[in-house]
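Asks: Read off the chains here:
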Amino acid sequence: MTLKIVASQCTSCSACEAECPNVAISEKNGTFVINPKKCTECIGHFDAPQCAAVCPVDDTCIIDNAYPRYQPAQ
Amino acid sequence: MQELAQHEGAEASIVNVEAVMQQVAEHKGCGTSGGSGKASCGSAAGSGDLPTEIWEKVKNHPCYSEEAHHHYARMHVAVAPACNIQCNYCNRKYDCANESRPGVVSEKLTPEQAAKKVLAVASTIPQMTVLGIAGPGDPLANPEKTFKTFELIAKTAPDIKLCLSTNGLALPDHVDTIAGFNVDHVTITINMVDPEVGAKIYPWVFWKHKRYTGVEAAKLLTDRQLQGLEMLTERGILCKVNSVMIPGVNDRHLVEVNKAVKSRGAFLHNIMPLISAPEHGTVFGLNGQRGPTAQELKALQDSCEGEMNMMRHCRQCRADAVGLLGEDRSAEFTTEKIMAMDVDYDLESRKAYQAKVEEERVAKVAAKQEELETLAGESSDIKLLIAVATKGSGLINEHFGHAKEFQVYELSTGGAKFVGHRRVDLYCQGGYGDEDSLETVIRAINDCHAVFVAKIGGCPKSDLIKAGIEPVDQFAHEFIEKSAIAWFKNYLDKVNSGEIQHIERGDAEIRQGALTAAA
Ligand code: SF4
Ligand code: SF4
Ligand code: SF4
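Heads up: the protein sequence lines correspond to chains A and B, in order.
When the letters of the first sequence are read in order and numbered with UniProt numbering, they come out as residues 1 to 74.
When the letters of the second sequence are read in order and numbered with UniProt numbering, they come out as residues 1 to 519.
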């Protein structure tokens, strides 16, 4: 699984971009997006997804159910 | 945090916005800029009792010196949109509510664009002497962008003073870098020193990869803020503290804050009114938290004043405002226009211009001193407020109907003291009086006995008289303080002779919403 950013709520503050341990977040056409191929839900890095923890708008960085849960490499 | 630069009026004089662009707004974000020194932060034209080293640093800083505010301009650039805490008075869709005008979005710039903008503005507006990085966002939550901008500017324009506003959470980590860039003014927004109070203002902080909430978050924040303040003052960097006055939440507590920051070496404390309206979408706006009235704000500022310098001229400017405080020429300096400009940064002509401004300032102080002597020997307990329509340079040079704000002075036998700004935005659009807006103006200056203007129409004149506010236009284009003292002397004479009776005036309203340039 991965997180995604609800574009309509994103303020484009860029706070999440700097916090992502996997450099999965970038700016596209004025709002921020998460690359599902890079996002690990922060597993292996931090206790909680960093983008969601720093985002000023609640429920903007959320789990994207379109993808299976991230499996850490064993 | 973004604070708005709230300067209420008096800082450095304002250059005409229209004429020059001014982009000085302090940054919004958490830091605001400071005010001038003590002498009531405001109006004192001179160094008052500030130590010489501090006066040297602040005398040309529009945000710190109320008097400089009339003559110099500052500019803010928005390069740091990210923030590491959440404040209940902020809606980050917009500029920092605290510092800037809620509901106005600033243009985000890269450090390269920001540096070019600063140089373009400084070459057009020689009064531009201060660059601030403030909100939206916290400059220290975006350290690379902030310091890159400083680096680029310091290279080409070494005469521009750099300043920074922060919520303080990340401050202790960056003190050495700040010192390295010769940043001499840092503004920290400190709204509490008691975590219990803080929990009502800050829902969370993000610190070392973790979101903290409640009292724990507030404790972390206050510890970091006070530690950062101490570290800066130890290194001789000027620190101003901004506090947002939130009635019922931290209003009384701000006296404690004042003591705590003073004992740690802050040279100035700027207490700003909470700006909160439901349409700003902030937590406080939505839950009906009100801002203070003009009288409540002044009473708190007065009760802190014995302790240290208070800054009263802060107007809560938008972070990317260009101009003298109170003026906003941002529209002349959009990124598009700037990138197309050829910028020729001419240090010499800037110096020459600034020398001329110094002469004007000296003349203004001399005029005030002279007039003050005529008050010597008078004794009276009467203290009253007057409102002044001015475009800057310390002169009564604005038409009543064109004034976007009034500067308020307190008159007593001790002289004229600048005590704050009142925003009214435009009452006169294109020359037609509009009755409703006239009422707004009257409400905003309802605590004043008189309003000094360069010119005023017949209609508003009679309405003001009806409301008990005397319109005064005989001092058009003269120095504010000199004229105010002359008028006050005459007023006292009339009271003494029994011709008129002195009556106290009521309270006034603080206009919600940040200062924006006339559309
Ligand atoms: S959850 Fe973690 S890894 Fe995924 S985008 Fe957010 S910060 Fe990056
Ligand atoms: S932190 Fe939230 S609001 Fe800011 S850019 Fe990321 S998703 Fe958008
Ligand atoms: S949330 Fe951040 S940007 Fe907004 S006022 Fe607070 S410190 Fe400033």
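Simulated from the structure, these hints should not be mistaken for laboratory data.
Quick caveat, the model's predicted, so the values are computed rather than measured.
Any given hint might turn out to be false.
Claimed, not checked - Here are the computed distance ranges between Cβ atoms for each label pair:
(1) B:355 / A:38: 26 to 36 Å
(2) A:27 / B:227: 32 to 42 Å
(3) B:459 / A:58: 45 to 55 Å
(4) A:58 / B:215: 43 to 53 Å
(5) A:67 / B:259: 30 to 40 Å
(6) A:27 / B:223: 45 to 55 Å
(7) A:58 / B:348: 50 to 60 Å
(8) A:59 / B:176: 54 to 64 Å
(9) B:440 / A:58: 32 to 42 Å
(10) B:215 / A:63: 50 to 60 Å
(11) B:356 / A:59: 25 to 35 Å
To be verified - When the alpha-carbon atoms are kept at most 27 Å apart in a straight line, the in silico DSS-like pairs for lysine-lysine are as follows:
(12) B:383 / B:356
(13) B:210 / A:4
(14) B:455 / B:466
(15) B:208 / A:4
(16) B:210 / A:38
(17) B:455 / B:489
Beta carbons are placed, not taken as given, at the ideal position from N, Cα and C, and that holds for glycine.
Asks: Taking the hints in turn, state whether each one holds.
Replies: Okay, the hints, checked on the actual structure:
Range check, residue 355 (chain B) to residue 38 (chain A): Cβ separation about 57 Å, and the 26 to 36 Å hint is violated. The hinted range of 32 to 42 Å is satisfied by residue 27 (chain A) and residue 227 (chain B), whose Cβ atoms lie roughly 33 Å apart. For the hinted restraint 45 to 55 Å between residue 459 (chain B) and residue 58 (chain A), the CB-CB distance of approximately 50 Å keeps it satisfied. Distance hint for residue 58 (chain A) and residue 215 (chain B): a CB-CB separation of about 20 Å, inconsistent with the stated range 43 to 53 Å.
Here the CB-CB span from residue 67 (chain A) to residue 259 (chain B) is close to 54 Å, at odds with the stated 30 to 40 Å. For residue 27 (chain A) and residue 223 (chain B), the hinted distance range of 45 to 55 Å is not satisfied, since their beta carbons lie about 34 Å from each other. Distance hint check for residue 58 (chain A) and residue 348 (chain B): the Cβ-Cβ separation is about 54 Å, which falls inside the suggested range of 50 to 60 Å. The hinted window of 54 to 64 Å between residue 59 (chain A) and residue 176 (chain B) is violated, with their beta carbons roughly 38 Å apart.
Look at residue 440 (chain B) against residue 58 (chain A): about 36 Å separates their beta carbons, and that is inside 32 to 42 Å. A hinted range of 50 to 60 Å for the beta carbons of residue 215 (chain B) and residue 63 (chain A) is inconsistent with their spacing of about 29 Å. Our hint of 25 to 35 Å for residue 356 (chain B) and residue 59 (chain A) is violated, since their Cβ atoms are close to 56 Å apart. Restraint check: the Cα-Cα separation between residue 383 (chain B) and residue 356 (chain B) comes to about 35 Å, which exceeds 27 Å; the hinted pair is violated.
Annotation: proposed proximity of residue 210 (chain B) to residue 4 (chain A) holds, straight-line Cα distance about 19 Å (limit 27 Å). Annotation: proposed proximity of residue 455 (chain B) to residue 466 (chain B) holds, straight-line Cα distance about 18 Å (limit 27 Å). Using a Cα cut-off of 27 Å, the hinted pair residue 208 (chain B) and residue 4 (chain A) holds, with the two alpha carbons roughly 22 Å apart. In summary, the hint linking residue 210 (chain B) to residue 38 (chain A) is supported, as the alpha carbons are separated by about 21 Å, within the 27 Å threshold.
Between residue 455 (chain B) and residue 489 (chain B) the CA atoms are separated by roughly 22 Å; this keeps the pair inside 27 Å, and the hint holds.
Checked against the numbered hints given earlier, this structure breaks hints 1, 4, 5, 6, 8, 10, 11 and 12; the rest are met.
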